Amino acid sequence: MSIQTIHEITLNIGKLGNSLNILSCCHLSEISCEALSSVPNSQALRLKELDMSCNNLQNSGVKLLSVLLQSPYCILETLSKLHKFHLLVVSLYVWYFSSNFYIIEASEDYKCSLTEKSAKPLFSVLSIQSSSLRELDLSNNDLQDSGVKLLSVGMESPHCKLEALRLCGCKLSENSCEALSSIFSYQFSSLREVDLSNNNLHDSGVTFLSVAMENPNWKLETLRVSGCNLSEKSCKSLSTLLSSQSSNLRELDLSNNNLHDSGVKLIFGGVTHPQCTLETLRLCGCKLSENSCEALSSVFSHHPSSLRVLDLSNNNLHDSGVTFLSVGMDNPNCKLEILRLYQAIFCFLSVQKIIQLKLIIKLLHLMA
Numbered sequence: 000m001s002i003q004t005i006h007e008i009t010l011n012i013g014k015l016g017n018s019l020n021i022l023s024c025c026h027l028s029e030i031s032c033e034a035l036s037s038v039p040n041s042q043a044l045r046l047k048e049l050d051m052s053c054n055n056l057q058n059s060g061v062k063l064l065s066v067l068l069q070s071p072y073c074i075l076e077t078l079s080k081l082h083k084f085h086l087l088v089v090s091l092y093v094w095y096f097s098s099n100f101y102i103i104e105a106s107e108d109y110k111c112s113l114t115e116k117s118a119k120p121l122f123s124v125l126s127i128q129s130s131s132l133r134e135l136d137l138s139n140n141d142l143q144d145s146g147v148k149l150l151s152v153g154m155e156s157p158h159c160k161l162e163a164l165r166l167c168g169c170k171l172s173e174n175s176c177e178a179l180s181s182i183f184s185y186q187f188s189s190l191r192e193v194d195l196s197n198n199n200l201h202d203s204g205v206t207f208l209s210v211a212m213e214n215p216n217w218k219l220e221t222l223r224v225s226g227c228n229l230s231e232k233s234c235k236s237l238s239t240l241l242s243s244q245s246s247n248l249r250e251l252d253l254s255n256n257n258l259h260d261s262g263v264k265l266i267f268g269g270v271t272h273p274q275c276t277l278e279t280l281r282l283c284g285c286k287l288s289e290n291s292c293e294a295l296s297s298v299f300s301h302h303p304s305s306l307r308v309l310d311l312s313n314n315n316l317h318d319s320g321v322t323f324l325s326v327g328m329d330n331p332n333c334k335l336e337i338l339r340l341y342q343a344i345f346c347f348l349s350v351q352k353i354i355q356l357k358l359i360i361k362l363l364h365l366m367a
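Under numbering that gives the first Met the number 0, the residues of the sequence shown are numbered 0 to 367, in order.
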């Protein structure tokens, strides 16, 4: 895209609505940012979404763009996918985006190459009084434990309004869990969703989180720890959490961990507790057998359950396991709406009973 085209876009930005997503991967430079920053305020302030990902804007370009975004009347809510920017660029974006900046996102395909040092200004924005940051996604960056410790300090501020934190694949260990658990005791914590998947948290890390989450001040509803090198030992602390009166957990993702049948039985023990509010449980690729299905069938047969979504994909359930499931799901205590059995190794004939059941199964994934 030429600079002349950019100027034409800026002159007609008022006619483009409140979303400008066409500047992604356009080989733009800081000159383009200068053109955007010169847009009359009456037009530029209409923008609610701006996507300039995969462009070589450089530090000077971000500084120019920040002039536009520093206006107290700016209604920008989403600056999408800060991909392939230089280290300082991402920090500058957050530093200059005033109270209307909501979402920072980094995908697996296009990392931001953040480290602890380069992300320090990013973490500081959480404690600024004017910050309205609700969602922070720093996944697939080399933050490590030291970076998360800085982040947790910002989250301890009473001004922090963060609701969703995603740190998937950030080379974290159980030390990060210990740092994050320190914020769980703060009464003003607004976090509702935490994703720590694909990090080497181990059982000790999940224990830190589980114990801290029993605090009545903690309102976490979604916890994702898929692929975190967990074993059945983690399930014991999680079972205690699920049965805790103070737990608000609605979604738990334990996929791709070696939980085995013994670990899942512990989880089901927490699910049967009257205090449990869990609605979504993901156990994809947890090395389960038909024995887990038998335990789950018993749960459905004897206890009212809040479970609505269950993922047992990529496990060796076999026909006998699916038969156990069908028996449990025939019980009126079962409120399951979505069942996923993708690549669960069974014969299609064995799900005949499930299909015939008069249940509210909205989605049944059986693809091999």
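Derived by calculation from the structure, the hints in this document are not laboratory data.
All figures in this text were calculated on a predicted structure; none of them were measured in a lab.
For every residue, glycine included, the Cβ atom is placed at its ideal position computed from N, Cα and C.
Be a bit skeptical, because a hint or two may be false.
Listed next, the in silico DSBU-like pairs over lysine-lysine satisfying Cα-Cα at most 35 angstroms (straight line) [as the list claims (entries may be wrong)]: (1) K286 x K232; (2) K334 x K286; (3) K286 x K264; (4) K286 x K160.
For each label pair, taking beta carbons as the anchor points, the in silico distance ranges come out as [unchecked claim]: (5) H317 x P157: 22 to 30 angstroms; (6) N315 x I337: 18 to 26 angstroms; (7) I337 x P157: 33 to 41 angstroms; (8) V152 x S261: 37 to 45 angstroms; (9) R133 x N247: 17 to 25 angstroms; (10) S230 x Q342: 19 to 27 angstroms; (11) H317 x S145: 44 to 52 angstroms.
A quick look at each hint next to the structure:
no.	hint	in the structure
1	K286 x K232	holds (15 angstroms)
2	K334 x K286	holds (25 angstroms)
3	K286 x K264	holds (13 angstroms)
4	K286 x K160	violated (38 angstroms)
5	H317 x P157: 22 to 30 angstroms	violated (53 angstroms)
6	N315 x I337: 18 to 26 angstroms	holds (21 angstroms)
7	I337 x P157: 33 to 41 angstroms	holds (38 angstroms)
8	V152 x S261: 37 to 45 angstroms	holds (38 angstroms)
9	R133 x N247: 17 to 25 angstroms	holds (18 angstroms)
10	S230 x Q342: 19 to 27 angstroms	holds (22 angstroms)
11	H317 x S145: 44 to 52 angstroms	holds (46 angstroms)
Hints 4, 5 from the list above are not met by this structure, while the remaining hints are.
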